[in-house]
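Turn these sequences into a full structure, and let the hints guide you.
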Amino acid sequence: MKAKHDEIALRPLTGTSQSFYLVAAVLLAIVGWFIYAYLVQVRTGLVVTGQRDMGMPLAGAPWGLYISNFVWFVGIAHGGIAVSAIIRVLKLERYHSIGRIAEVLTVVTIMMAGLNIIIDLGRPDRILNMVLYFGSRVWQSPLAWDFTVISLYLTLSTTYLYITMREDLAGLRDKFPGRWKWLYKPLLFRYRPDEKPKVDQIAWWLAVTIVPMMVALSGGVIPWLFGLQGSQAGWFGAVQGPYFLTAALTSAIAGVIVVATLVRRGYGWHTRIKDEVFRHAGALLAILVTFYIWFIFQEQLTIRFAGPIPEFRVSEALLTGRFAPIFWTMLVGGLILPMVYLFVQAVRPRAYRGGAVFISAALIIVALWVKRFLIVVPSLLYPRLPYAVGTYSPTWVEWSVVAGTIALAIFLYLLFIKLFPIMELRRSSDA
Amino acid sequence: MPRYAYVIDLNRCMGCNACVEACKIENNTGEGMLWMYVFRLEKGKYPDVNWQFMPRPCMHCDNPPCVKVCPVGARFKREDGFTLTDFDRCIGCRFCEVSCPYGVNYFNWKKPKDNQYFAWHEEEGAGVYGSGSAGQIIGNAVVPYENPDHKKLYGERLVSGGAHYLGVVGKCTWCVHRVEKGLPPACVANCPVHALHFGDLDDPGSEVSNLLKRGNVWRLLEELGTEPRVYYLGGQQPGHDLRLWYTRRQEVKA
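If you're matching them up, the sequences are chains A and B in order.
Each residue of the first sequence is one higher than the last, beginning at 1 in my numbering.
Each residue of the second sequence is one higher than the last, beginning at 1 in my numbering.
If you're looking for bench data, these hints aren't it; they were derived computationally from the structure.
The beta carbon of each residue, even a glycine, is placed where N, CA and C say it ideally should be.
Check each hint, because a few of them may be wrong.
[Claimed, not checked] Label-pair restraints from in silico Cβ distances:
#1 K196(A) x G225(B): 48 to 58 Å
#2 P192(B) x T148(A): 45 to 55 Å
#3 G355(A) x D114(B): 49 to 59 Å
This is how it looks when you write it as structure tokens:
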């Protein structure tokens, strides 16, 4: 029985279809284009983006797509540890099959988040200044805090992924003695077949540590980049903490659903990753999206009822002004409708369709990308002082970077699938 | 240790923008960078309308949000009151720009030498006065003036002038390179109606100390707690009834 399980789980490693190569080639082409766009930016300067100084005379937004893309990637990066924490700390073994699928998503997306920040810098060659002057800046600068927590999160998540993968790597090394030896051997440094209980213990503590780190990241340092700035109407406020955290957890679960559906479909793992995983994840996503819609409502009602004039102007722009078409489409089509379906399928199991859950999750991810844009940009276009109202129009360079970092994320994910077991070899649920 | 401050007499300012020009020439700031800026505001409803011109240098706040958020300490506060940017350290993240409620920060989106007026060295501007760039037309007889003071370090940091590097943020420095020599900032020196004043608050005989003794002294966006060091005399805070001059008629509340 075990041999057969492992065969199914090893499908990605034993053969590669033509469509895989095609997808990989397309992704690499997009990444190549993105690299070209970035080189144009490095050579000419950030003027090739649509970002400009706020106020006069340029009346633009100094932060735009790169920053909202960054926040979006960080949100999705919570998926891995959210699932792993549920499995390991709450001991809900039945979701085990998507554990590593989610963890790899975390590692890949947090790396892309960091990449977006570096791309946004005017002087990326000076990035080491963040390390050099860390000691004096970490007490005051929200960006220094951000740098700390993201580095910690990346390190802990990668370590978690690695140590929980060792046993499967050893199994692979035994099964395919010749293949990938140059990769597996160093990774299996000092592996002992009886190390599992110890590794489980370490993994448990890592999971327990990473959970508050999630809150410190998306309920902490990320919202503090915005919520602590009294300068911008619509940014400042205590609501940003829980607001961003909810968005992150929503993105995380939606991301896991999307990726796990695709992986399951791609390798025919319908018996290994059961429907109930998606039904339950869909139900959790429904609850999280509800909370997020509630936060949007809270924020807007508060401003509308008795908000100061600068905040009111930003709210007007979102609800009835020039951002209204984007806002309402995002809210209704991207959040409310998917939420409704996800609740329906949660209470009426017969309404469950894998494809519909997938589409709901995908719509939610896209909606949350749009929402991050609506957080970052409109406030910058309505300064407190009587400058002209600003405009921001992202250029081809920015869109290329967005497409490129997404393509790179997917490519790295596919690379992982081809090199390592994305489906756990021994402890997966039985057929 | 002197305690510098800046006082602007709104009763005198007539909106000529000489201060804006002076700052530009003194600091070689590029296109789209108005380190000194003058608001043109309007109040009332036709036919009872009135202007207010409001110069806006950097506030050099005592509780500066820009200094707090800088991840590398390129933006820093000096004891004598100057809030300055170290152009050698700035990584161009623009966090200072989004944290400033006054909008005084300007990022070098283009290479400074490609961002000057008349594009002396490039083909931009070619054909405007015949073929060739402006520099070519005059045979590079006069290069754009580069003030050597801007290459000097002040307090061992490169903080003066605006045309240093691509990808860094700059803002009004209260002409630190001039104050070092005992001169007032360029804007203050060039104001034709003496609306702008700069000096040491710790000197009881200085102009700024005396001006602050008059009534109706206020600071911009004081409620945000930034403790700006720029004081306004006369006039009023911009707000609902003191708006951007080209606000559309429909948007003017009665």
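Hint-by-hint comparison with the structure:
K196(A) and G225(B) have their C-beta atoms about 56 Å apart, which keeps the hinted 48 to 58 Å range intact. With their beta carbons about 51 Å apart, P192(B) and T148(A) fall inside the hinted range of 45 to 55 Å. Our hint of 49 to 59 Å for G355(A) and D114(B) holds, since their Cβ atoms are close to 52 Å apart.
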